[in-house]
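Asker: Sequence:
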Amino acid sequence: MKELVVWVIHTPAGAIGLVAAVVALFVMKGGNIHRKAGNWFTVSMSIMLISGFTAAYLKESTDDMFLSAVVLYTVFTAWLTVKHRKNETGFMEYAALVWIVVFAIAAFFVSAGWRGVNVPSVYLYWGGFAIFCSIGDARNLYQSGLSGIQRIIRHVWRIGFSLIWALLAFTDKIVKMQGSNVKEMPIEQVFYIVGIPTMLVLIVILYWIVNILFFSRKKFANYY
Numbered sequence: 003m004k005e006l007v008v009w010v011i012h013t014p015a016g017a018i019g020l021v022a023a024v025v026a027l028f029v030m031k032g033g034n035i036h037r038k039a040g041n042w043f044t045v046s047m048s049i050m051l052i053s054g055f056t057a058a059y060l061k062e063s064t065d066d067m068f069l070s071a072v073v074l075y076t077v078f079t080a081w082l083t084v085k086h087r088k089n090e091t092g093f094m095e096y097a098a099l100v101w102i103v104v105f106a107i108a109a110f111f112v113s114a115g116w117r118g119v120n121v122p123s124v125y126l127y128w129g130g131f132a133i134f135c136s137i138g139d140a141r142n143l144y145q146s147g148l149s150g151i152q153r154i155i156r157h158v159w160r161i162g163f164s165l166i167w168a169l170l171a172f173t174d175k176i177v178k179m180q181g182s183n184v185k186e187m188p189i190e191q192v193f194y195i196v197g198i199p200t201m202l203v204l205i206v207i208l209y210w211i212v213n214i215l216f217f218s219r220k221k222f223a224n225y226y
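Residues 3 to 226, numbered by the working numbering, are exactly what the sequence shown covers, in order.
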């Protein structure tokens, strides 16, 4: 059952999500194609992550369940940020805040040894990341929705975080299709197969953040 979920649902959905992300990155921002590509990315990534969580549950992998949950949250909130108009929030923002707070509590419990995992200290990172996100969500709700540059940056960094993990998952599946395993590969091969693509995505995301903050503030500040 787990293999069926991974190869029939999880992997194809992730591939569609990556294609949609590439389209969204290189078309006019805020345009009709960009928005449609963003919707495709959100839907396909959600399917990928929910199926990934299901597969992780079936193989009793706490690490993968947590990863799926947090990336699903960042995908959802990135989409939600631009789904609503500026200075607008709703029930889903409150649901997202509860989601990430529960995630943070669970991560800290796991790091304290509540459930046996390979690297408990990693969950301290996830817990800290979740607190960081929850502060941003609380601020967004307190201000009844962000506007201008703050709103766009919130969208971009959350999409970027989600995209990096989607790419890592995709490269992992490619390696497994070739009968290998990333954990067993020499560090040089891991760098070329995983490191370089991830760095390229990170550079593109950082480019857009810098561009928005310092070179196109007026343009992006007026996005509705």
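Source of the hints: derived by calculation from the structure; they are not laboratory data. A couple of the hints might just be wrong.
SDA-like, lysine to any residue: derived pairs with alpha carbons at most 25 Å apart [to be verified]: (1) K221 / G138; (2) K85 / I198; (3) K38 / L126; (4) K61 / I155; (5) K61 / V124; (6) K88 / L99; (7) K88 / L208; (8) K38 / G197.
Small disclaimer: the values here were computed from a predicted structure and weren't measured.
Asker: Hints first: check each against the structure and report whether it holds.
Answerer: Results for each hint:
1. K221 / G138: Status holds; Cα separation ~23 Å.
2. K85 / I198: violated (32 Å)
3. K38 / L126: violated (36 Å)
4. K61 / I155: violated (36 Å)
5. K61 / V124: holds (20 Å)
6. K88 / L99: Holds. K88 to L99 sits at ~18 Å (cutoff 25 Å).
7. K88 / L208: holds (23 Å)
8. K38 / G197: violated (29 Å)
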